[in-house]
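Q: Here is what each chain is made of, one letter per residue.
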Amino acid sequence: MQRESRTTDNASPLPDRSAQREAKPSTWPDAWLVNAVRREPPDEEALSVLVDRYWKPVYACCRLLTVDDDRARDLAQESWLRLLRARHSLKPDGHFKAYVVTIATNLWRDMNRTAMRAGPTADSRMASLESPAEADDGESMSLIDVVADPHTLSPDDQLLLEMDLDKALARLQPPLRDVLICRFISGESAAEIGHRYGRTEQTITGWIRDAVRQMKMFLGEARGGVDHTEDR
Amino acid sequence: MKRAMDIETLLQWRRERAEAEAPQAPSGVRLLKLLSPWWEVSPNRFASSVRRLASIQLSFGYAMSHVPQGHRGHPVAALISEGDEERESPARVLYLSVRDGRLRLRFQLAPIPRTDRLFEVTFVSEQPALRPILAAYAALSGDGEYRVDVELPRELAAAWESLKVTDPMPFRFILRPAPSNM
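Keeping their order, the protein sequence lines are chains A and B.
Just so we're aligned: 173 in the numbering used here is position 152 of the first sequence, and the numbers increase by one with no gaps anywhere.
Just so we're aligned: 169 in the numbering used here is position 177 of the second sequence, and the numbers increase by one with no gaps anywhere.
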C-alpha cells in the first residue's frame, strides 16, 4: 500500500463557516485550507498558506533524499503539483505534512525505480547499531572520534560537517539512503518500511544497520578520524 | 565538551539545516499555473505540433520501416518536441493493458534517444480530431523500452479497456523530454 493514500487524524476540526469568514487564511487550521484547495477552482491564497506552512520540512526531506539543492527544489515542487492533481481526494482530517512528505518520497523512489527494486547490492553484514564502525585497517572507530556534536562547532566547521554528511549520504545506495531517512527522519518502523519493500522486518533492520555502518565509515574517511571539537 | 553522536542525531541536525536553507516556497498562483497542461500554457506551440503530427501520416510507411522488426504491436505516429525543435520518431506499442482504471503501456522509439530517459507523453486523439486527451510520464527501462503507468480518466478507461496491442492505436504521441534526475 502506498502511504500516500493513508491519512491519520490529528488535524483541526472542520470549519465553522462564520469563524472561517472572519479569520485570515494564514491563521486557518489545515482542515480549512485543504477544503479551500479542494474547491474548483482552488483558492489561491489558501494554497499559498498551505505551501508556506509545509514547504520547509518537505524541502528538507527532499534535500536529504536527493543530496542536491536544485533536485530537492524540483522534487519538492513536483510533490505539490502531484498533490494538486489529486486534490479532490484530499482528506481535510488527514495528517497533511506526512502526506506531502510521503508523496515526495514516493516520487523520488519512482525516479530511482531500478535501484530501489534491486535493493542494496552491498554485502549485508549485520553490524549492530551500537557497535563501532571499522576503519580500513580494521581498528575500531566510534563516531565520537570522527564527528563532534554539531552544535559545539564553529559556523565554518558546521559547514564542513554538512558537506561531509552530504557526501556520505550521496555515497549510500538509494535503497539504503531511503531506509535511513524513513527510519530516522520520517520515524517509520522497520516493519512499515519492510511492508513497502516486500521484505521482512529483519531484512530492513539489517539494511538500516548496514546504512549506519557505511555512514560511519564514509564520515570517518572524509574526516580522517580527526576530532573537530579539540580545543573548542 | 564531547558528546556521543549517533547517525540519527546527525541526520536530524542536517534536516534542521536544510529547513533553514530552504529556498522560498512557490506561491499558490505559480503552482496552479504550473499545473496547467502545456497545451493550455502554450496553445500556439501545441497547434504547431499538432500540424506536424498530422503530416506524419504522409510519410508513415517510410517512417515505420525504421522501427525495429520482430515486435508485435501497431505503429504510432510520434513527435519529439524539445525547445524550438521538433523531430519525428516512429514509435511502436509493445504492450498495452487497461485494468482497474490504469493504463500500462510499453513502447519503443527508433532510434532510441541517447539522452532522453524520461518523456512527458501527450496522448493526442486520432478521432474525431487531433486533440490532447491524456498526459503521462514515460521512463526508459534497461531494455530500451519506454514505460507508462498512469491512472486514466473514467471515459478513457472505458473506451480503451478492450484495446489490444495489435489494434490500431486511437492516439498519437507528442513527447517532451522531462528531467529524470530528481
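Hints were generated in silico from the structure; no laboratory data involved.
Some hints here could point you the wrong way.
To be verified - Within a straight-line C-alpha distance of at most 25 Å, the following computed SDA-like cross-link-like pairs (lysine to any residue) qualify: (1) A:Lys188 x B:Glu13; (2) A:Lys188 x A:Ala212; (3) B:Lys25 x A:Lys188; (4) A:Lys77 x B:Arg7.
Q: It remains to establish, for every hint, whether it holds in the given structure.
A: Going down the list of hints, with the structure as the test:
no.	hint	in the structure
1	A:Lys188 x B:Glu13	holds, 17 Å
2	A:Lys188 x A:Ala212	violated, 28 Å
3	B:Lys25 x A:Lys188	violated, 35 Å
4	A:Lys77 x B:Arg7	holds, 10 Å
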